[in-house]
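Student: Could you put together the complete structure from these sequences and hints?
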Amino acid sequence: MTTLDLIGSSPKFRALLNQIDMVARVDSAVLIQGETGTGKEVIARAIHKASPRCDQRFVALNCAAIPSALLESELFGHERGAFTGAWAQTKGRFQMADGGTLFLDEIGDLPLELQPKLLRALQEREFERLGSTQTVRVNVRVVAATNQDLGQLVTKKLFRADLFYRLNVIPICLPPLRERVQDIPLLTEFFVAKFAASLNKPIDVIPDEVMAVLKAHDWPGNIRELQNFIERAVLFSPGSVLRLPLDLKQTVKQPSESAARTLADADREHILETLMQTDWLIGGQGGAANRLGLPRTTLIYKMRKLGIEARRSSRARPASAAGG
Numbered sequence: 002m003t004t005l006d007l008i009g010s011s012p013k014f015r016a017l018l019n020q021i022d023m024v025a026r027v028d029s030a031v032l033i034q035g036e037t038g039t040g041k042e043v044i045a046r047a048i049h050k051a052s053p054r055c056d057q058r059f060v061a062l063n064c065a066a067i068p069s070a071l072l073e074s075e076l077f078g079h080e081r082g083a084f085t086g087a088w089a090q091t092k093g094r095f096q097m098a099d100g101g102t103l104f105l106d107e108i109g110d111l112p113l114e115l116q117p118k119l120l121r122a123l124q125e126r127e128f129e130r131l132g133s134t135q136t137v138r139v140n141v142r143v144v145a146a147t148n149q150d151l152g153q154l155v156t157k158k159l160f161r162a163d164l165f166y167r168l169n170v171i172p173i174c175l176p177p178l179r180e181r182v183q184d185i186p187l188l189t190e191f192f193v194a195k196f197a198a199s200l201n202k203p204i205d206v207i208p209d210e211v212m213a214v215l216k217a218h219d220w221p222g223n224i225r226e227l228q229n230f231i232e233r234a235v236l237f238s239p240g241s242v243l244r245l246p247l248d249l250k251q252t253v254k255q256p257s258e259s260a261a262r263t264l265a266d267a268d269r270e271h272i273l274e275t276l277m278q279t280d281w282l283i284g285g286q287g288g289a290a291n292r293l294g295l296p297r298t299t300l301i302y303k304m305r306k307l308g309i310e311a312r313r314s315s316r317a318r319p320a321s322a323a324g325g
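Heads up: take any position in the sequence shown, counting from 1, add 1, and you land on my numbering.
If you are wondering where the hints come from, they were derived from the structure by calculation, not from laboratory data. Careful, some of the hints might be misleading.
[Claimed, not checked] Cut-off 30 Å, straight-line C-alpha distance, at most; resulting in silico cross-link-like pairs (DSSO-like, lysine-lysine): (1) Lys50 <-> Lys195; (2) Lys303 <-> Lys216; (3) Lys118 <-> Lys92; (4) Lys303 <-> Lys202; (5) Lys157 <-> Lys118; (6) Lys118 <-> Lys50; (7) Lys216 <-> Lys306.
[Said to hold, decoys possible] Label-pair distances were calculated between CB atoms; the ranges are: (8) Asn201 <-> Thr299: 24 to 34 Å; (9) Glu125 <-> Pro68: 24 to 34 Å; (10) Asn201 <-> Gln135: 49 to 59 Å; (11) Ala66 <-> Gln153: 38 to 48 Å.
Since this is a predicted model, take the numbers as computed values, not measurements. Where a beta carbon is used, it is the ideal one built from N, C-alpha and C, also for glycine.
Tutor: Shown next, in the form of structure tokens:
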């Protein structure tokens, strides 16, 4: 199933889609929790798109990306002269999202001193701009996200309990990609098509051994890591068949001896294919080492390890042919 960039067919993914459908209908606060790279903002946007507020703005703010001294102004705005450099009255994200949805990413990094003002804005739907005594009222739905355990932060007194309970009205926990192995082929096909188009490198085939390698990895960076991995794989694939670059394959964990053999077979096939395309020329600008993004000596070492015997290339110069 592919909906609004939500891709998958695993039981956990289908359960997540059902939860999004139910949550989107109401205006309650949502707290999305999950590891880095699981797609928390994608889920927040899906909730907004499926909600009655879909025709209004979706405004996002990463609380960890803004210096603490500026975060209050970013959230609530400021008046002219409120601080050095405040040349004009400026709306904050709350006011910009009026009528729509405000997504607060990395909410666990919100400074303690700012949390009471956020709590009031959530409960009363009103606040004052920095440097102003005039109250601004807004109608905003807040969706927050974090990769931290807010319950533990509350215990350590690093996060206010009352704010946690106000945000955690509807909790959504995103499963890591290692618990959605069934979705890896669909995600891979999606990313291959996306990057093949953007990089102008048509990829028509994803070999079974490549997919086996992708499914064997535990993906600590989750969907974001897989996406970046596939982008590099498309870039380095010499033809229309997806190949995993040799230096990248070494980062993929193999759970069994049979999986390791599969990876070695894929390495050997990739090197042989590239050597045939370069007429067995190993070094030089048009050689196999350059195409594979490897030093010439490293490629020779890998060929020996995989049992690939070097052949004389008709394109090689006599002086370099003897060196192999």
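Student: Of the numbered hints stated earlier in the document, which are not met by this structure?
Tutor: 11
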